[in-house]
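Working from the sequences, and respecting the hints, build out all of it.
Number of protein chains: 6
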Amino acid sequence: MGRLTHINSRGEASMVDVSSKPVQLREAVASGEIWLQTDTLKLIQSENIAKGNVLAAARLAGIMAAKKTGELIPLCHPLPISHCEVNFEFPETRDRIIIKASAKISAQTGVEMEALTAVSVAALTIYDMCKAVDKQMRITDIKLISKTKK
Amino acid sequence: MGRLTHINSRGEASMVDVSSKPVQLREAVASGEIWLQTDTLKLIQSENIAKGNVLAAARLAGIMAAKKTGELIPLCHPLPISHCEVNFEFPETRDRIIIKASAKISAQTGVEMEALTAVSVAALTIYDMCKAVDKQMRITDIKLISKTKK
Amino acid sequence: MGRLTHINSRGEASMVDVSSKPVQLREAVASGEIWLQTDTLKLIQSENIAKGNVLAAARLAGIMAAKKTGELIPLCHPLPISHCEVNFEFPETRDRIIIKASAKISAQTGVEMEALTAVSVAALTIYDMCKAVDKQMRITDIKLISKTKK
Amino acid sequence: MGRLTHINSRGEASMVDVSSKPVQLREAVASGEIWLQTDTLKLIQSENIAKGNVLAAARLAGIMAAKKTGELIPLCHPLPISHCEVNFEFPETRDRIIIKASAKISAQTGVEMEALTAVSVAALTIYDMCKAVDKQMRITDIKLISKTKK
Amino acid sequence: MGRLTHINSRGEASMVDVSSKPVQLREAVASGEIWLQTDTLKLIQSENIAKGNVLAAARLAGIMAAKKTGELIPLCHPLPISHCEVNFEFPETRDRIIIKASAKISAQTGVEMEALTAVSVAALTIYDMCKAVDKQMRITDIKLISKTKK
Amino acid sequence: MGRLTHINSRGEASMVDVSSKPVQLREAVASGEIWLQTDTLKLIQSENIAKGNVLAAARLAGIMAAKKTGELIPLCHPLPISHCEVNFEFPETRDRIIIKASAKISAQTGVEMEALTAVSVAALTIYDMCKAVDKQMRITDIKLISKTKK
Numbered sequence: 001m002g003r004l005t006h007i008n009s010r011g012e013a014s015m016v017d018v019s020s021k022p023v024q025l026r027e028a029v030a031s032g033e034i035w036l037q038t039d040t041l042k043l044i045q046s047e048n049i050a051k052g053n054v055l056a057a058a059r060l061a062g063i064m065a066a067k068k069t070g071e072l073i074p075l076c077h078p079l080p081i082s083h084c085e086v087n088f089e090f091p092e093t094r095d096r097i098i099i100k101a102s103a104k105i106s107a108q109t110g111v112e113m114e115a116l117t118a119v120s121v122a123a124l125t126i127y128d129m130c131k132a133v134d135k136q137m138r139i140t141d142i143k144l145i146s147k148t149k150k
Numbered sequence: 001m002g003r004l005t006h007i008n009s010r011g012e013a014s015m016v017d018v019s020s021k022p023v024q025l026r027e028a029v030a031s032g033e034i035w036l037q038t039d040t041l042k043l044i045q046s047e048n049i050a051k052g053n054v055l056a057a058a059r060l061a062g063i064m065a066a067k068k069t070g071e072l073i074p075l076c077h078p079l080p081i082s083h084c085e086v087n088f089e090f091p092e093t094r095d096r097i098i099i100k101a102s103a104k105i106s107a108q109t110g111v112e113m114e115a116l117t118a119v120s121v122a123a124l125t126i127y128d129m130c131k132a133v134d135k136q137m138r139i140t141d142i143k144l145i146s147k148t149k150k
Numbered sequence: 001m002g003r004l005t006h007i008n009s010r011g012e013a014s015m016v017d018v019s020s021k022p023v024q025l026r027e028a029v030a031s032g033e034i035w036l037q038t039d040t041l042k043l044i045q046s047e048n049i050a051k052g053n054v055l056a057a058a059r060l061a062g063i064m065a066a067k068k069t070g071e072l073i074p075l076c077h078p079l080p081i082s083h084c085e086v087n088f089e090f091p092e093t094r095d096r097i098i099i100k101a102s103a104k105i106s107a108q109t110g111v112e113m114e115a116l117t118a119v120s121v122a123a124l125t126i127y128d129m130c131k132a133v134d135k136q137m138r139i140t141d142i143k144l145i146s147k148t149k150k
Numbered sequence: 001m002g003r004l005t006h007i008n009s010r011g012e013a014s015m016v017d018v019s020s021k022p023v024q025l026r027e028a029v030a031s032g033e034i035w036l037q038t039d040t041l042k043l044i045q046s047e048n049i050a051k052g053n054v055l056a057a058a059r060l061a062g063i064m065a066a067k068k069t070g071e072l073i074p075l076c077h078p079l080p081i082s083h084c085e086v087n088f089e090f091p092e093t094r095d096r097i098i099i100k101a102s103a104k105i106s107a108q109t110g111v112e113m114e115a116l117t118a119v120s121v122a123a124l125t126i127y128d129m130c131k132a133v134d135k136q137m138r139i140t141d142i143k144l145i146s147k148t149k150k
Numbered sequence: 001m002g003r004l005t006h007i008n009s010r011g012e013a014s015m016v017d018v019s020s021k022p023v024q025l026r027e028a029v030a031s032g033e034i035w036l037q038t039d040t041l042k043l044i045q046s047e048n049i050a051k052g053n054v055l056a057a058a059r060l061a062g063i064m065a066a067k068k069t070g071e072l073i074p075l076c077h078p079l080p081i082s083h084c085e086v087n088f089e090f091p092e093t094r095d096r097i098i099i100k101a102s103a104k105i106s107a108q109t110g111v112e113m114e115a116l117t118a119v120s121v122a123a124l125t126i127y128d129m130c131k132a133v134d135k136q137m138r139i140t141d142i143k144l145i146s147k148t149k150k
Numbered sequence: 001m002g003r004l005t006h007i008n009s010r011g012e013a014s015m016v017d018v019s020s021k022p023v024q025l026r027e028a029v030a031s032g033e034i035w036l037q038t039d040t041l042k043l044i045q046s047e048n049i050a051k052g053n054v055l056a057a058a059r060l061a062g063i064m065a066a067k068k069t070g071e072l073i074p075l076c077h078p079l080p081i082s083h084c085e086v087n088f089e090f091p092e093t094r095d096r097i098i099i100k101a102s103a104k105i106s107a108q109t110g111v112e113m114e115a116l117t118a119v120s121v122a123a124l125t126i127y128d129m130c131k132a133v134d135k136q137m138r139i140t141d142i143k144l145i146s147k148t149k150k
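Protein chains in written order, with the UniProt record's numbering: chain F, 1 to 150; chain V, 1 to 150; chain H, 1 to 150; chain B, 1 to 150; chain C, 1 to 150; chain U, 1 to 150.
Hints in this document: simulated from the structure, not taken from any laboratory.
Some hints could be false.
Same chains, same label: a pair holds when it works inside one copy or across any pair of copies.
[Unchecked claim] As a list, the in silico DSBU-like pairs of lysine-lysine whose alpha-carbon atoms are at most 30 Å apart:
no.: 1; residue 1: K42; residue 2: K150
no.: 2; residue 1: K150; residue 2: K100
no.: 3; residue 1: K135; residue 2: K21
no.: 4; residue 1: K150; residue 2: K135
no.: 5; residue 1: K100; residue 2: K149
no.: 6; residue 1: K131; residue 2: K150
no.: 7; residue 1: K147; residue 2: K131
no.: 8; residue 1: K131; residue 2: K42
no.: 9; residue 1: K21; residue 2: K147
no.: 10; residue 1: K21; residue 2: K42
Spelled out as structure tokens, the structure:
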């Protein structure tokens with residue numbers, strides 16, 4: 001097993017030096033889930049809020065958070081991403097929302113943290129908007145789905 | 001079941017109006033987990049990085065993110081929190097780190113989103129600092145533990 | 001006519017000292033307009049984008065900007081607002097969208113800049129999302145509607 | 001008329017994917033106006049405040065806001081701009097200030113939102129600094145003047 | 001000598017809990033110096049740039065940074081300050097600029113970091129704006145002058 | 001002696017236009033000092049806080065501030081830096097900590113402000129974390145050590 005890349009030879013935190021890595025088109029996809037009550041899901045999807053506001057807010061919050069990743073994660077490089085998308089899936093079990101986020105950039109380092117941050121903040125936004133009606137939500141299974149470069 | 005508090009009578013998103021709520025001392029505690037390989041955990045805890053840098057970075061990132069909650073979550077109130085703490089536990093199974101965060105404020109609204117955001121960003125920071133050596137990490141079970149006011 | 005309050009006796013910019021002003025519940029309402037083509041308005045309101053995403057995005061962007069006012073306007077006090085709402089009206093002439101924003105706080109100073117900033121950024125967001133189909137939009141008539149304290 | 005570029009095929013908001021667009025030198029110029037009383041204009045330009053503080057503050061606020069555009073407008077790409085300038089003109093009618101802003105970058109997408117944001121925040125800053133002496137200001141006619149790439 | 005207040009009993013960083021401290025009017029004054037060549041000072045003060053732009057920019061940057069202190073210093077409380085002022089003095093030796101900043105708030109904790117941050121960023125701004133003509137500037141003697149509460 | 005580069009021909013502040021400068025690998029190193037009591041230094045380095053939290057916090061705060069330089073210094077270009085490192089030295093006199101920071105980027109303009117900002121904010125963080133036990137700290141001698149491009 002290797003060494004932790006963000007820790008230099010003296011055991012001190014530093015940004016990984018990517019100055020000599022090639023600029024490549026890099027993409028990452030991450031996903032996560034928020035478990036909630038079926039009634040909460042109904043409220044989110046109901047006509048009442050047919051304008052999709054909870055999901056629209058979560059989507060935008062995720063995208064805006066992806067742009068802030070370098071500000072939130074201490075040793076992440078600040079990256080002017082060229083694309084970010086956040087989508088939602090509703091399994092038939094009606095017990096959760098699956099959140100998927102992708103990010104892209106032409107840069108010297110990848111964007112998996114951007115995709116993971118988008119998922120996390122989209123989930124937190126759903127939590128925030130539903131917490132008055134659902135006291136048992138849980139955000140879970142946030143992970144990287146794929147990471148490519150070319 | 002009630003209505004979603006962040007959606008007004010026209011189904012449009014808005015910040016909940018807390019202007020007439022009393023100022024009270026409010027506290028919230030949240031937790032979450034990051035699953036990783038035992039070898040990754042060893043590296044984090046080993047003498048090599050005995051200065052505790054991964055956890056120190058995650059702790060600070062969590063605290064700093066708590067202060068940014070109102071900036072990340074669209075309809076959260078901006079809250080000048082009076083306290084935030086992030087701690088870590090290492091279950092004997094050696095397969096994950098449990099993250100706990102608390103936040104406090106004297107204000108008209110509570111700080112559960114601050115505690116949840118601290119946990120999420122602390123977890124993302126561990127992920128970021130270990131992702132070069134561990135490709136299978138997963139952030140899971142982010143939830144509210146308690147919420148009090150007095 | 002008085003002196004400019006943000007300029008001290010030496011003609012230098014400084015934040016107005018509100019330390020000795022009373023904490024009062026303060027509210028402000030501002031409005032503004034974005035002129036666009038009828039076809040653009042149709043696209044915004046059409047089924048195609050029935051989820052209301054342009055307006056949902058503009059509404060959230062306006063609310064989030066209100067929270068950032070103290071960061072954008074150099075001599076504005078940073079204010080943890082207790083409420084913000086952004087709404088849209090569609091005059092029958094079908095040539096523009098009227099944007100209204102309100103903000104509230106219990107504080108030593110008012111929130112008119114927060115309301116005006118919410119209107120401005122909501123308008124810029126509509127502009128951004130429609131600029132590929134409409135090259136002649138214009139943001140206009142941004143002004144304060146009312147300002148109260150009690 | 002085309003489709004709204006920030007809305008994907010499912011009617012959901014997303015950042016436009018500019019990953020495959022060429023890097024080009026792009027420039028945009030925007031303008032806007034703030035209407036105020038002649039006396040307010042005199043105060044701004046008078047010897048009293050001959051250090052130009054109101055305009056200096058508005059200029060800097062506009063430039064700093066241009067750098068924050070990607071943070072304010074939900075679906076704007078974060079862009080490390082290579083130039084920004086904000087200038088003021090004073091029509092002989094003495095009833096308003098005309099604000100002009102330009103922005104430049106070598107990137108895969110343009111900077112009209114940066115120029116428009118600079119104008120808007122410069123105007124809001126003038127409003128903020130003069131609002132104690134002038135209750136009838138109005139910000140108007142914010143629009144794109146030109147947009148070029150080569 | 002006491003213990004470091006930001007380090008808890010396990011040696012871990014955390015925000016000091018100020019929840020039970022009284023709200024008091026607190027003020028702090030800090031100062032610092034930037035040493036530069038007499039010719040640089042002349043350029044700053046000369047008619048050429050009589051609009052005071054270097055100092056106006058430094059003043060605003062200092063004030064804006066004071067508002068961001070809680071975002072920059074990991075364990076600082078986010079504080080909605082009620083006043084901030086940045087001033088400059090020019091000793092007769094013509095070899096430096098003395099920067100003084102004050103901050104005020106009614107809160108449960110003081111604002112010395114806000115005053116020190118304002119001084120530091122004002123100095124960095126002077127450095128930035130003069131670095132093309134002066135390669136030997138030095139920022140020095142940043143310290144707290146006074147700290148009061150009542 | 002030349003003209004101040006950030007002041008245009010009318011004496012107005014603007015970002016230097018770097019659009020036509022070549023993209024080069026640029027690096028800068030800066031240093032600074034914080035003077036403190038020997039007892040404070042002992043506390044920082046003692047077993048009690050052997051996890052290095054004060055220095056870990058200062059290091060991370062410095063790195064994160066480097067990424068925010070364009071947001072703090074009004075006319076600095078926003079730069080997605082590719083590397084930043086902050087280190088500490090402890091002279092045998094035991095009366096201060098020397099802080100060194102380096103920054104790197106491939107861009108059209110250099111990163112000396114990023115290195116200087118990292119040093120300044122790392123020093124302010126040490127100040128903040130030690131201010132309860134040491135009332136006489138002083139931050140001093142912040143300067144550029146080297147600046148290279150190739």
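Checked hints:
1. Taking the shortest alpha-carbon separations for K42 and K150, neither the intra-copy value of 42 Å nor the inter-copy value of 33 Å comes in at or below 30 Å.
2. Proximity of K150 and K100 under a CA criterion of 30 Å is satisfied intra-copy only: 22 Å inside one chain copy versus 36 Å between copies.
3. Taking identical chains as interchangeable, the C-alpha atoms of K135 and K21 lie at most 30 Å apart only when they sit on different chains, with a minimum of 20 Å there against 47 Å within one chain.
4. Taking the shortest alpha-carbon separations for K150 and K135, only the inter-copy value of 20 Å comes in at or below 30 Å, while the best intra-copy value is 44 Å.
5. Within a single copy, K100 and K149 get their C-alpha atoms as close as 19 Å, which meets the 30 Å cut-off; across copies the closest is 34 Å, which misses it.
6. Within a single copy, K131 and K150 get their C-alpha atoms only as close as 42 Å, which misses the 30 Å cut-off; across copies the closest is 20 Å, which meets it.
7. Proximity of K147 and K131 under a CA criterion of 30 Å is satisfied inter-copy only: 12 Å between copies versus 33 Å inside one chain copy.
8. For the identical chains of this complex, K131 and K42 are intra-copy neighbours only, at 14 Å inside a copy versus 35 Å across copies, given an alpha-carbon limit of 30 Å.
9. In this assembly of identical chains, the alpha carbons of K21 and K147 lie at most 30 Å apart whether taken from the same copy (17 Å) or from different copies (21 Å).
10. Taking identical chains as interchangeable, the C-alpha atoms of K21 and K42 lie at most 30 Å apart only when they sit on different chains, with a minimum of 29 Å there against 48 Å within one chain.
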